Amino acid sequence: MPIKLILEILLFCLLMFIIILIILKRGRISVKYSLVWFIPVIVILICALIPNFMMMLAKLLGFQTLSNMIFSILIAILIFICLSLTIIVSGQKEKIKLLIQEVSLLKEKVDDKNGSRK
Amino acid sequence: MKKILVIIPAYNEQDNILKTYKSIINYNKKNKTNYDVIVINDGSKDKTGKILNTNEIPHVNLIHNLGIGGAMQTGYKYALENDYDIAVQFDGDGQHNVNYIKDLVDVLDKDSDIVIGSRFIKDVGEFKSTAARRMGINIISFFIKLFTKKKIYDTTSGFRACNKKVIGKFAYSYPTEYPEPISNFELLKQGFKIKEVSVEMNKREGGISSISSWKNIYYMINVILSIIIISVRRYK
Chain L
1 MPIKLILEIL LFCLLMFIII LIILKRGRIS VKYSLVWFIP VIVILICALI
51 PNFMMMLAKL LGFQTLSNMI FSILIAILIF ICLSLTIIVS GQKEKIKLLI
101 QEVSLLKEKV DDKNGSRK
Chain B
1 MKKILVIIPA YNEQDNILKT YKSIINYNKK NKTNYDVIVI NDGSKDKTGK
51 ILNTNEIPHV NLIHNLGIGG AMQTGYKYAL ENDYDIAVQF DGDGQHNVNY
101 IKDLVDVLDK DSDIVIGSRF IKDVGEFKST AARRMGINII SFFIKLFTKK
151 KIYDTTSGFR ACNKKVIGKF AYSYPTEYPE PISNFELLKQ GFKIKEVSVE
201 MNKREGGISS ISSWKNIYYM INVILSIIII SVRRYK
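For the protein sequence lines, the chains are L and B, in the order given.
All residue numbers for the first sequence refer to this note's numbering, where the first residue is 1 and numbers rise by one.
All residue numbers for the second sequence refer to this note's numbering, where the first residue is 1 and numbers rise by one.
A hint or two may mislead.
What the hints assert, rightly or not - Derived SDA-like pairs (lysine to any residue); straight-line CA-CA distance at most 25 Å:
1) B:Lys47 with L:Val103
2) B:Lys45 with L:Leu21
3) B:Lys45 with L:Glu108
4) B:Lys32 with B:Glu56
5) B:Lys3 with B:Glu177
Claimed, not checked - So the derived list for chain L, only partly shown, Cβ under 8 Å to chain B, looks like this:
6) Lys97
7) Ile100
8) Gln101
9) Val103
10) Ser104
11) Leu105
12) Glu108
Said to hold, decoys possible - Anything over 10 Å on all C-beta distances counts as not near chain B; from chain L, calculated:
13) Ile29
14) Leu35
15) Phe38
16) Met55
17) Met69
18) Ile88
Note that these hints are calculated values from the structure, not bench results.
Everything numeric in this text was worked out from a predicted model, so none of it was measured.
The beta carbon of each residue, even a glycine, is placed where N, CA and C say it ideally should be.
Could you build the full structure based on these sequences and the hints that come with them?
Have a look at this one:
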């Protein structure tokens, strides 16, 4: 792999790493969910650092070029992340529904007791 | 005397809600029944909330719109909390006729857990909905029969009465979307007894149905997929 490409990849990984850390530091993402985003960064990093081994692996698995394998792996990881996000969203939707119902019922009860229907 | 609650979910029903409520109150006076009413105001954006307040109609205001399933479930939670024996689902848009509540409750008392007010058992009433929609309902019926060996004619009907056992079940879990066919199927799967009673339904007097015509196919796919998924799920 040309040295230029490796440098570019390293730069990209560094940037991703810093961005995730900044978001983490600001508390905009929980540690648990940030881990998921470190995985693709690490995968790219490995590919850049040991290209010969990865090239062999690509050939073994039937990929024509190394880049094809990297793309495939990353797409798979992204699909997995999306799926897990959908699971999280579904769970939260259920929790929000429960909250709205209970708060509304409680509110009705309180209003009823005070005799003042707002 | 059994405590009966009529649950009316309402989303932007300013034109019909008062009429619907009054029809039940008048019925109570005429027939010496005591159906309690609770309107679940599902975050309406029109004057529904105001009408409910000024006319002192018992209601729960959902602090945010939940959709028909979430609203209906709130009604069942209310029924459970207040220890009702029977809960009747009733539309706020004037589609359902208060005179049939008694028919549903009578059958429920005998030997079933939930009774559906059905449009299709016998030929009564002018409102049969469109041919496309009837076909859709028939297909859903077919799938339910395929998995449970039981036939429900009008599985999308929102006019239903259920006993305490089912109130408890619905308060605990109720489908968020397309609740009627899916919950009917779930009940059958869990061994509850469902009966159908022939009722007459009026044409909608205002408002927009929760199932608009172009969404019919999407609705069908969703319901059938849900039925298939539920049928492979295990219940303890």
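How the hints compare with the structure:
1. B:Lys47 with L:Val103: This hinted pair holds, its Cα atoms lying about 22 Å apart.
2. B:Lys45 with L:Leu21: Since the Cα atoms of lysine 45 of chain B and leucine 21 of chain L sit roughly 42 Å apart, the hinted pair is violated (cutoff 25 Å).
3. B:Lys45 with L:Glu108: Between lysine 45 of chain B and glutamate 108 of chain L the Cα gap is close to 19 Å, so the pair holds against 25 Å.
4. B:Lys32 with B:Glu56: Holds. Lysine 32 of chain B to glutamate 56 of chain B sits at ~21 Å (cutoff 25 Å).
5. B:Lys3 with B:Glu177: violated, 28 Å
6. Lys97: Status holds, d = 5 Å.
7. Ile100: OK, holds: isoleucine 100 of chain L within 8 Å of chain B, min 5 Å.
8. Gln101: Holds, about 5 Å.
9. Val103: holds, 6 Å
10. Ser104: Holds - the Cβ of serine 104 of chain L comes within 8 Å of chain B, reaching about 5 Å at its closest.
11. Leu105: holds, 6 Å
12. Glu108: holds, 5 Å
13. Ile29: holds, 25 Å
14. Leu35: holds, 30 Å
15. Phe38: holds, 34 Å
16. Met55: Given that every Cβ of chain B is farther than 10 Å from that of methionine 55 of chain L, nearest at about 43 Å, it holds.
17. Met69: Per Cβ check, methionine 69 of chain L is outside 10 Å of chain B; nearest 35 Å; holds.
18. Ile88: The claim holds: isoleucine 88 of chain L sits with its nearest Cβ about 17 Å from chain B, beyond 10 Å.
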